[in-house]
Amino acid sequence: MADATLVLQDVTKSFGAVAALRSGSLTVRPGSIHALVGENGAGKSTLVKIVSGVHRRDGGRFAFQGRDADFSSTAESKAAGIAVIYQEPTLFPDLSVTENIFMGRQPLGRGRRIDRARMHSEATALFDRLGVALDPRRPARGLSIADQQIIEIAKAISLDAALLVMDEPTAALSGVEVERLFAVARSLRDEGRALVFISHRFDEVFDLCDTVTVMRDGEYVSTHAIAETDVESIVGEMVGREVGELFPKTPAPLGDVVLDVEGLSSAGVFRDVSFQVRAGEIVGLAGLVGAGRSEIARAVFGVDGYDSGAVRLGGTPVARSNPRAAIRAGMAFVPEDRRKQGLVTEGSVARNVAGVIRRGLTRAGLLTSAAENRAAAPWAARLQVKTSALDMDATTMSGGNQQKVVIAKWLATQPRLLIIDEPTRGIDVGTKAEVHRLLSDLAGQGMAIVMISSELPEVLGMADRVLVVCEGRITAELDRAEATPEKVMHAATRTGPTPGSTPTATEEVPV
Amino acid sequence: MSTALVNDPATPTRGARGTQLLGALLRSRELAVLVVLLLIVLGTTLKSNGFLFSSDGFRNLLVTPSLLLLLAVGQTLVIVTRNVDLSVGSVLGLTAYLTGRLFADNPGIPVIAVFAAGLAMGALLGLVNGVLVAFGRVPALVITLGTLYIYRGIFLTWAGSDRINASDMDPGFLALGTRSILGIPVLTLIALGVLAAVGYYLHTARGGRELYAIGSDPDAATLYGLRVTRRVLVAFVLSGALAGLAGVVYAARYGTVSSGAGSGIELQAVGAAVIGGVAIFGGSGTVWGAAIGAFLLVTINRALPIVGISDFWQRAVVGALILAAIVLDRVLANRQERRLREQQGSSAAEAAPPGPDGPPVPAGPTDPTTHHDEEARA
Amino acid sequence: MSAPTLSDAPTSREPRSERTYPAYSRPLWRRALLTREFAVVALLGVVYLYSFNEVPAFDGPLTLYYLFLDIAPILLIAMPMTMVIITGEIDLSVASVVGLSSVLTGVLHQDAGLSIPVAALVAVLVGGLCGAFNGFLVAYVGLPSLAVTIGTLALYRGIAVGLLGTTAVTGFPDRWTDLAKQRIVEGSSWPMILVPFLLLLLFTTWLLHFSTFGRGVYEIGLNDEAAHFTGVNVELTKFWLFVFAGAVAGFAGVYYTLRYGSARGDNATGLELQVIAAVLLGGVSIFGGRGALHGVVAGAVLIGVISSAMRLENQTVNLINIVIGVLLVLSVTSTSFLAWASGLAAGRRRARSTDRSRTSSG
Amino acid sequence: GDGDAAPGSDGGDGDVTVTMLPKNLGNPYFDTSTSGAEKAGDELGVTVEEVGPDAASPEAQVPFINTAAQQGVEALVVSANDPTAICDALDEARSAGTSVVTFDSDTDPECRDIYVNQADAGGIAQVQVDLIAEQIGDKGEVAVLSAAANATNQNAWIELMEAEIEENHPDIELVDVVYGDDDDQKSFDQTAALLQQYPDLAGIISPTTVGISAAARYLSTSNAKGRVSLTGLGTPNQMREYVEDGTVEAFALWNPADLGYLATFTAAALANGDIEGEEGDTFEAGRLGEYTVGADGVVLLGDPFVFDGENIGDFDF
Ligand SMILES: Nc1ncnc2c1ncn2[C@@H]1O[C@H](COP(=O)(O)OP(=O)(O)OP(=O)(O)O)[C@@H](O)[C@H]1O
Ligand SMILES: Nc1ncnc2c1ncn2[C@@H]1O[C@H](COP(=O)(O)OP(=O)(O)OP(=O)(O)O)[C@@H](O)[C@H]1O
Ligand SMILES: [Mg+2]
Ligand SMILES: [Mg+2]
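Residue numbers (my numbering), protein chains in the order written: chain C, 1 to 511; chain W, 1 to 378; chain E, 1 to 362; chain V, 1 to 317.
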């Protein structure tokens, strides 16, 4: 076997009081795709950032291509031949797609001028290889998360690096795009490069990778050849405890209609959306990434406006474009991007959890921190938020923990309707099961729930009823019993007539 | 605000007609200001044709804005990186005084050496700003507000009540303030030369593009591996150096340097850049725009009394102009966003046509069935 | 209604050990003393004591009286400015509003014959209107406040100067000019202007630190999108803060006019920089989301004490400006310097305790 | 910390301190007047301290007046940026026992003890109108480039000049008064604007030292040189070059050093109780001889002096 491209041995890293890595180890060989798995906060991203020079390790061994390495900036790691796709997109919104890919190493023409024509044609070639049609001249601003991720991927493979690290590159991609990415990854592997692939989706791990390393609580647990292991044992190692059933959906008696959305339209985003949700019911919104599910949810909750239609909660109309009215009416909304929309990450746990209910905490005109702490503590406890004190900033927490804070914040309002967008995006299996159990419990207690998810098994496993959204319209409504992956897929892509789709909608599809 | 397309007007290819159109529209951001400028010149000339057609009028039209132009170009470099340099007025005062002192204390000193000294002094003061901003991790607004006080204090303490008079300075140097080559004043030529060099650098050099990247998203720039600290330092050094050059130009043009030299001009420099379409939060805008903005500001100031508006109202007009410029920017940006959304809609349709052999599947598992089974087992 | 009972606990189906959380990760004295605000207060104490003992005539009865008269406009405007900056915005136009309000007070009194209270009221209202214009452009049109208020800085000043040229309105009734300089108790060092200031301070403290509105202000500064998602009306909050800043600046303009007995278009030129210096010196983050009022008050008074002491030492304004500038730069860079130093210290401590933590965590 | 010997705090053991407060620092005119004051201080054995703001505005002067009151200095010599705005501050200083002398630019008479007038307004207006009339052949368009629009002295002179022109020079038309705010750059640009706006302009009067030198500098390089005459009030050092190159024929001024010298003697006389500031009081002012306090507490320095190519070489200030 060839010498390892990357060797990490007992690497440690702490941020203040948080020990992100206690002993991280990882050995990646050329010509191999190496999966790195672990729960949220296991330290995967931190390990990656040490390899790429974003962070410097506190201790341990780090060798790249047989030589000891200690990068103090990403520029150094890049120069050494390491390409990284970070978990969070790192684009320059004002610059063109092409410039984003080639920034800092643009092809130069005469007199060290940037050769723009060559740069654009190289970008086009890259997109061809990835099988996507993106205008290389458009600015990156306004691209969907999926397109942003594709640019990150194009950026990384254009680097021609010996080691390519991908930190959850598929979290926002659709099936086709994932397949194309995998094809590229395989061809890079066949060229003899080393790849590291981080994902919470086991099917992808088993589909693509040849080796897997498991991490838990900042420590190395094990490394296996993929062929010699299975999902169950890996999950066991990741969690270090028994995971309950992943989709513990129990049927609950349905009550009255809680949410009634009627003919909601917003120009260019969605059209004529109508549906109802009953107490005790979980309604899943399925569809391709970019179908407009989040936009519908945002309009219903009032963070965005809509052009026509009506939203009623328990029979009473809810004012449009007014989140506070929605909250007062009894709605709660867990948005898809927790760092940007769900949380004030630099705010304390207590302020975040008490963020929506603080109006009720005012006594004699005064709102005190003590009151907020008192109100927040039980909800944090209920969701088992891992934090040392209520005044810790949410920045110091892993994704799963942050999601718990967001959910705690909304449950604290004791809503009648919970809209939850991508409840488990980027969350590890252990926490995932917890969240699912929670949703099932809440429905059992009579809460109406709208769940948006891009993971089909999650929708099928949790929803009482599935609404399929395609290009801003609801193209199918399927009961739990009749919802099969095929039917949902058809409605989501409109490859054929599906039950529940309106005939006019099909005619107008510009396919 | 104006976008990458302005900065990146590459040769069109087929299929990019929408972009082309959009590009033309956006390039009009600079064009719009230019048109306003020309209208003002035209209108004022109709009122009093000496404004343009007397030799003094023509010279003043060109030479008066050159000072602000230098500052606006430097300011653009800094603003593009999502910073701002409020200390330029004080740097200008300090170097203008330095210029005078050099001539007064070293009669016969070569003019070129004085220019070099001014540039070096400005660069040094800019370096101090840059170091504090880049290493102190403090917003430039605060740092340069502090150095605005400090540099001016140093200037006034150094100068005391000492004033530099025209007679202290080299006549050859002062002649620069009035001499013309081919009908274009030398000072204007200096400013235009700087403009061309900086504009070329920002458009075609890797370093220049990196300044835009840094301003567009500083965190991403760090993650990406750009040398953010160094680039920001360079931007501040250049801004300082250009303010220093402006100080020398000030001495040449006005012939006297007193305690008020350059005070308050920093906001005009920022204003010129903003009017010219440089986004205050970095990442976009061009020095050409900033230069036109500088011309516009100065020319309006000179035109108002001629068209019969008391010069007391000048500042109000300048303020209204800045506001109009940023509102216009917003309108254009909104229009652009709409276009991009349309464009994205069409390209998405192109990108994922349901092929016969590989129908797209919903996001997530490539094979939902097996996945489901695996998860269920877990 | 807020504290849930155990029975409606979301995960009650599977009873677990309820976690309890300490409210704070650090003891009270560390939370109170290891802050930027406290550092400014301490510095103020040191500078004051030094001046009191070492600077000739600083211990005289007039010192504090003049000091507060001088910094009153800064103190007043710093209150709303603190909130504006905490939302991540900035208002550079306040000094121009002071100028405009001053001119209006003069013009309305002299030319329109209005009595001083009426003229003052109109001036304050116009100040609020100026703020509303800023607020509208920033909050509802969504323009960057730095650019907007650089524009209105020129616009409002331009209107002020345009209305009055560079002439001045003087000759206000003694009753009113004396009021601006009167002491709360005859013979004390506390000028009357402190009364409205203290009321404003009380109001602002409540608004920023003890009301839901204030929580929203901080959230907007830290993450305005998340604030919007939790029902904070981001636009309206910003709008009102700019109105607040404009109205207070308008009031400061009236005070300015009466204190100096002259209404001029160029009154208070450059005051915005002093206000912002005081606010930032007081520990408010220019990025928004952080800061507290006691630091700001200390920052403003510190600037006043330093200026007063240095003037008594017959230092030139230039030197005073240098000191204030250096202080501003030091105070803002100190944060990152301290973070860097404490990072170093923590690193060393960690290195020593790695083994211990490893065994305890296992 | 080492200012323990400063006056006021340690009482009056015969140590007299005079604080000079010009309109602003960094102004060579006041630099010269302060040097005269210091000379007087040396002769009298009193301490002269110069303080002042960096911009010429009344509200910037007030803190310095307050400081003088706090220090309890014996006398304050001030050139007012506004006739009334600084009155209250001066009153407080006077009630703290400080004698107040204004020079160069006066306040309302009731706010100070004595005003040392550089030349009476009529004389100053007269000399400037005479100079410009002579230079432009007593006919044509004339403009005034002043300092700030509410500078007391400037406005008084301009008013008198207007009256004088109307009365005795029917062919001269005063077309505009513009303000350079005693700022080089602004005055320079204002000159340019004047020439553009009035193509037939024959002469400019600038009764301020900053203005006249900025205007001269602009004229000397423009093609209006020789066509447009310039006169006003300036200092010989600033104007020497332009007199020698022919841009300016002649201009006027008093000697600011003498003004500061006289103001200091006046202040010392008041502080020592030699005079009360009443009309008719007389006192000795060193080499300048004896002066008498006139109506309204005004002491007049003398007639302005005309500088031209013949005599400018004899002066250095
Ligand atoms: N910059 C930081 N400051 C403080 N703590 C941090 C920082 N970055 C990471 N951490 C902490 O380090 C731990 C490991 O985080 P890391 O991002 O490496 O986890 P991960 O395995 O990538 O999780 P996920 O699957 O959610 O991406 C977490 O507890 C996190 O809160
Ligand atoms: N920032 C943006 N600027 C312009 N258009 C956008 C932006 N974000 C999304 N869109 C467009 O809005 C539509 C819906 O996007 P979005 O990704 O939110 O849908 P979704 O169904 O919620 O998908 P998911 O939540 O799975 O990512 C798409 O046409 C997308 O291209
Ligand atoms: Mg991660
Ligand atoms: Mg979504």
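Hints are not guaranteed to be accurate.
As the list claims (entries may be wrong) - Facing chain C, a subset of chain W residues (Cβ under 10 angstroms, in silico):
1) 58
2) 135
3) 139
4) 199
5) 208
6) 212
7) 221
8) 223
9) 308
10) 309
11) 310
12) 335
13) 337
14) 338
Hints are computed from structural coordinates only; laboratory data are not their basis. None of these values were measured; they are calculated from a predicted model. Just so it is clear, CB atoms sit at the ideal spot from N, CA and C, and this is done for glycine as well.
Hints, one by one, checked against the model:
Hint on residue 58(W) is violated. Least Cβ distance to chain C is approximately 35 angstroms, over the 10 angstroms limit. Checking residue 135(W) against chain C by beta carbon gives a least distance of about 15 angstroms; that is not within 10 angstroms, so the hint is violated. Restraint check, residue 139(W) versus chain C: the minimum CB separation of about 16 angstroms is more than 10 angstroms; hint violated. A distance limit of 10 angstroms between C-beta atoms decides the matter here; for residue 199(W) the minimum to chain C is near 13 angstroms, and the interface restraint is violated.
Below 10 angstroms, beta-carbon pairs count as interface contacts, and residue 208(W) has one with chain C at about 9 angstroms; its hint therefore holds. For residue 212(W), the suggested interface contact is upheld, since its CB lies about 6 angstroms from the closest CB of chain C, less than 10 angstroms. Restraint check, residue 221(W) versus chain C: the minimum CB separation of about 7 angstroms is within 10 angstroms; hint holds. A distance limit of 10 angstroms between C-beta atoms decides the matter here; for residue 223(W) the minimum to chain C is near 4 angstroms, and the interface restraint holds.
Contact between residue 308(W) and chain C, as hinted, is not supported at the beta carbon level, the nearest pair being about 42 angstroms apart and thus beyond 10 angstroms. Taking 10 angstroms as the C-beta cut-off, the interface hint given for residue 309(W) is violated, the closest approach to chain C being about 37 angstroms. Annotation: interface hint on residue 310(W) violated; nearest CB of chain C at approximately 41 angstroms, more than 10 angstroms. About 13 angstroms separates the beta-carbon of residue 335(W) from the nearest beta-carbon of chain C, more than 10 angstroms, and the hint is not met.
Residue-level restraint check for residue 337(W) holds (minimum Cβ-Cβ distance to chain C is 6 angstroms; threshold 10 angstroms). Annotation: residue 338(W) was flagged as interfacial toward chain C, and the flag holds, the nearest CB pair being 9 angstroms apart, inside 10 angstroms.
Consistency with the previously given hints fails for numbers 1, 2, 3, 4, 9, 10, 11, 12, ordered from lowest to highest.
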